[in-house]
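A.B. asks: Quick note, the sequences are listed as chains A and B, same order. For the first sequence, the residue numbers in the working numbering are 1 to 194. For the second sequence, the residue numbers in the working numbering are 1001 to 1194.
If you're looking for bench data, these hints aren't it; they were derived computationally from the structure. Any given hint might turn out to be false.
The calculated label-pair distances, taken between Cβ atoms and stated as ranges, are [as the list claims (entries may be wrong)]:
(1) E73(A) - Y1057(B): 26 to 36 Å
(2) P1049(B) - P47(A): 53 to 63 Å
(3) A1050(B) - N164(A): 38 to 48 Å
(4) N1069(B) - E102(A): 45 to 55 Å
Going by beta-carbon spacing under 7 Å, a handful of chain B positions derived as facing chain A [to be verified]:
(5) V1032
(6) M1091
(7) Y1101
(8) W1103
(9) H1107
(10) I1111
(11) K1114
(12) C1119
(13) D1121
(14) D1126
Note that CB positions come from ideal geometry on N, CA and C, so glycine has one too.
Given next are the chains, with one letter for each unit.
Number of protein chains: 2
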Amino acid sequence: MRKTIAIDMDNVIADIETNWINLYENEFGVRVKKEDLLGKPEDDAFPDPAAARSLLYKPGFFRFAPVMNGAQEALKELQKDFDIYIVSAAMEFPTSLFEKYEWLNEHFPFISWKNIIFCGDKSVIDTDFLIDDHLKNLDFCKGMPVLFTAGHNIHVTRHTRVNNWTEAVALLKAEKEASENPLLTSTNGAVKTV
Amino acid sequence: MRKTIAIDMDNVIADIETNWINLYENEFGVRVKKEDLLGKPEDDAFPDPAAARSLLYKPGFFRFAPVMNGAQEALKELQKDFDIYIVSAAMEFPTSLFEKYEWLNEHFPFISWKNIIFCGDKSVIDTDFLIDDHLKNLDFCKGMPVLFTAGHNIHVTRHTRVNNWTEAVALLKAEKEASENPLLTSTNGAVKTV
């Protein structure tokens, strides 16, 4: 049976950090550097956190976010061996629901609507793997948690980490091989690249 | 630990049958009786199935559906003992995403956004119970399937059936008691009320 992967949207396949920095500069005239986001809760990295957060509720914020580098090729590659579900905590920003649906349709047309899940709490999603940038999701997932590097999570050490989509594909392929060949050891925990 | 219930929207907490019949009459001048829907795939029950199906894509179809009789009181009651998730296959009708969110906010304001899930395929949703009117969901759920009676499913016999929200609350309460007292037998399969 094919294994299943739940893949988060924001900061995993959608480059929300870059989008947020650009929009903050457009609206408030201050350009925050990517380095300034390292190790801080996302909105706290901006000079005015409340103003930064208000941008998340503006029409278009999610619709026009750039695609994360390598995500399209990676998901196409993983789809050969896994059933992929896009799982986004979109319910926190209800105006984003249709924007996120349209964004996926534009950039990931090879993902069926049957494999898209917009939710709040991800703890009832049961897949073999979850690739996500947030501990609030990874800590409670039912499968193997895979931490996708984002500025805010660089100090986290308690999950297997991937820094980009090349590493993510390599990890998942190694996990597949290990599960098919019991003589190989799972890479779970062995490929931390912090 | 509190057990979890996934609850479908259409034909379970939202009275889609009544809504569909009313809108079909408004648009096409023919009133279909509720009895005409019995035992048939939903759209096939209308004189022009394609025309009936086209109504599902019209703005407002889901937003203004009536609430299923007794659903609000039942969910409030169940919430005392269970963690409730609304799980709707909304992704098939993407324009319904925000309508369904607003509908829930209006009629079920006591359900947090954290407990709302809009998806396509429900097979990766892992809750202890699933209350749904469709076999395509119930047959693949990870918990105990509970068939909520709708016109199209009246001939189904392979899941525990509830005909209304009074029966659903009674079943879930009995299940809770049985799980807390091993001397009682689970009602699973014993309360078929077809």
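A.B. asks: Against this structure, judge whether each hint is valid.
C.D. replies: Hint-by-hint comparison with the structure:
1. Against the hinted window of 26 to 36 Å, the Cβ-Cβ separation of E73(A) and Y1057(B) comes to about 33 Å, which satisfies the hint.
2. Checked against the hint of 53 to 63 Å, the pair P1049(B) and P47(A) passes, with Cβ atoms roughly 58 Å apart.
3. Checked against the given bound of 38 to 48 Å, the beta carbons of A1050(B) and N164(A), roughly 47 Å apart, stay inside it.
4. For N1069(B) paired with E102(A), a C-beta distance near 36 Å fails the hint of 45 to 55 Å.
5. About 28 Å separates the beta-carbon of V1032(B) from the nearest beta-carbon of chain A, more than 7 Å, and the hint is not met.
6. Below 7 Å, beta-carbon pairs count as interface contacts, and M1091(B) has one with chain A at about 4 Å; its hint therefore holds.
7. For Y1101(B), the interface hint holds, since its Cβ comes within 7 Å of a Cβ in chain A; the closest pair sits about 5 Å apart.
8. With a cut of 7 Å, the hint placing W1103(B) at the interface with chain A is violated, because the nearest CB-to-CB distance is about 12 Å.
9. With its C-beta approaching chain A no nearer than about 15 Å, H1107(B) sits outside the 7 Å limit, and its interface hint is violated.
10. For I1111(B), the shortest C-beta to C-beta distance to chain A is roughly 10 Å, which exceeds 7 Å, and the interface hint is violated.
11. Given the 7 Å rule on beta carbons, the hint for K1114(B) holds: about 3 Å separates it from the nearest Cβ of chain A.
12. Contact between C1119(B) and chain A, as hinted, is supported at the beta carbon level, the nearest pair being about 4 Å apart and thus within 7 Å.
13. Here the hint on D1121(B) is kept, as its CB sits about 4 Å from the closest CB of chain A, short of 7 Å.
14. Using the Cβ-Cβ criterion of 7 Å, the hint placing D1126(B) at the interface with chain A is satisfied: the shortest such distance is roughly 4 Å.
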